[in-house]
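**Q** Please model the entire structure based on the sequences and the hints provided.
Protein chains in written order, with my numbering: chain G, 1 to 323; chain W, 1 to 323.
Certain hints may be false.
All copies of an identical chain are treated as equivalent in the list; a pair is satisfied when it fits inside any one copy or across any two copies.
Within a straight-line C-alpha distance of at most 30 Å, the following computed DSS-like cross-link-like pairs (lysine-lysine) qualify [said to hold, decoys possible]:
#1 Lys-221 <-> Lys-101
#2 Lys-36 <-> Lys-208
#3 Lys-291 <-> Lys-211
#4 Lys-221 <-> Lys-204
#5 Lys-91 <-> Lys-39
#6 Lys-208 <-> Lys-155
#7 Lys-208 <-> Lys-291
#8 Lys-291 <-> Lys-204
#9 Lys-36 <-> Lys-204
#10 Lys-275 <-> Lys-91
#11 Lys-94 <-> Lys-36
#12 Lys-208 <-> Lys-57
#13 Lys-221 <-> Lys-291
#14 Lys-204 <-> Lys-101
#15 Lys-221 <-> Lys-208
#16 Lys-275 <-> Lys-221
#17 Lys-57 <-> Lys-36
#18 Lys-155 <-> Lys-221
#19 Lys-90 <-> Lys-221
#20 Lys-204 <-> Lys-79
By construction, these hints were calculated from the structure, which means they are not laboratory data. Please read all numbers here as calculations on a predicted model, not as lab measurements.
Number of protein chains: 2
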Amino acid sequence: MIVQKVPISSQKIFTVMSLVVVGTVAFDAIETPFGKTDKIIGGAATYSGTAASYFTKNIKLVSVVGDDFPGETIHQFHKNGISTEGLQVKKGQKTFFWSGKYHTDMNTRDTLDTQLNVLLDFDPVIPDSYQDCEFLMLSNLMPQLQKKVLERLNKRPKLVVMDTMNFWMETQWDTLMEMISLVDVLTVNDSEARQLTNEYSLVKAAQKILKMGPRYLIIKKGEHGALLFNNEQVFFAPALPLEDVFDPTGAGDTFAGGFIGHIAQTRDISFENMKRGIIYGSAMASFCVEKFGLERLINLTQEEIDERVQQFIDLVQFDIALV
Amino acid sequence: MIVQKVPISSQKIFTVMSLVVVGTVAFDAIETPFGKTDKIIGGAATYSGTAASYFTKNIKLVSVVGDDFPGETIHQFHKNGISTEGLQVKKGQKTFFWSGKYHTDMNTRDTLDTQLNVLLDFDPVIPDSYQDCEFLMLSNLMPQLQKKVLERLNKRPKLVVMDTMNFWMETQWDTLMEMISLVDVLTVNDSEARQLTNEYSLVKAAQKILKMGPRYLIIKKGEHGALLFNNEQVFFAPALPLEDVFDPTGAGDTFAGGFIGHIAQTRDISFENMKRGIIYGSAMASFCVEKFGLERLINLTQEEIDERVQQFIDLVQFDIALV
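**A** Right, here's the structure in full:
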């Protein structure tokens, strides 16, 4: 009997590749017109990873917390299929803490307190088990830390998505520009896209940003939806009109998590599939804002998600047959 | 040979019913970050009627101008299939004049000058030939004048669409409320919807406004698109992302004109068809803002409109098959 060698390309199908999510795991204290919270669990990677876990199960977290961080949340990560081998727990140190207060319009907020704590000397560790990373979500973090993660992966992932914020444009321009040139998908909000390019028109801003390196750009417009650009196409997804936006914290990270979760689940990085990812991300974000923190996001059912996606379909679909 | 009487219901098919457009015909002087104009032709009814004329030809204008108004524009109305029998030309008087300056974001503007002139004692005349009115577009105007038009039509039109503005909420609340209770479709912008209801959430505002009388509500959000509500459904159309918004003047009226023009063309007032109307209105508005005043709007081809509508289809369509 002749034993046939399986070609490498076929073997790959049987390898479960992973989604690595890098970013903050934190405590937040939030005040909105609807109320305020004590310290609750937050952080960009928490939101992104949790949202992604509804789509794919092989998620690997890179972050840092202090030993004040609750074990039950780490247990919850495991239950959600999120490995925490790359989550450093620093003895005798405190978890990153952010506190903010939203204005009536929910689009603007004041930061009341930021205690970097363990983030101050965070040096991301990539465990060997993470080297199968196929999809990489670099949530908002110091650009030099995002860079270290990319450098410490032996093989460049199939798709690298990076989020960032205005603060790094003001303090770490050069490293940020280098990172932007290295990623596949950049996500920024509308004011950040304008700040990055000195263009008011988002179309012009997108053209400039795509020249900086990324093949895809997502501009998040909060309650006004999100735009996906590449050099030839543009796609728009609205935010779901909601009776109340209770707490916008983490909505952008949840959006990114739903997006990359869908991409990792389908392993399809075409523009058409990214459009679906944008819709799934928008659906997840619409849940996120309905309650404080992660409250609404941690106990969703597939039926609820499908129903929400159907609402997006109903919201935008129309039937015009051009001759 | 027996001559059969044609039943009245069948006769109606052969009657060409009309779209009556009521509102201002004006001079504007506009300043934007891209430049400024001398006195150019403007006015809500001018924009609405011109936009509608790409969809239906039996349009009838109710308005007033002074004898300083150019005959060539009136000739242009006729060429566009817009009857001006209800356009009063006041000897020795001046046309309504508005002047405004837009800020960089193009979403806010300062009114530099308003000269009501002929509008001061405008008493709308409905010629007999207008009594076949099937669709009525009441563009933004003093509510008591909108009311007079409705009273002077012998038969209530099949669909009455009304636009209004914050100023009438502050000065003519009671008459405005009465008018809102009488129309089928109300169009307002997002801040007006909030002012009308004291609700920040547009979903809650829409629920309240629909209780005031109209069966349909359109909330215009400028560069952020438009929402269509009835008591059961909601539809959203984005604005087309443009490289430059050159001059937003008249965009809302152009949107309304494209909407009612499509409805009048198809004579179908279902929610599904109103969705198409919103897309056609959005397409027409996207042309309007590309140049000053009516410049871009007066010489469009059917191909250009179809191409623009296709851009809207491409912008929002995605393919998710839920099991």
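**Q** Could you work out which of the previously given hints the structure breaks and list their numbers from low to high?
**A** Of the numbered hints, 10, 12, 17, 18, 19 and 20 do not hold.
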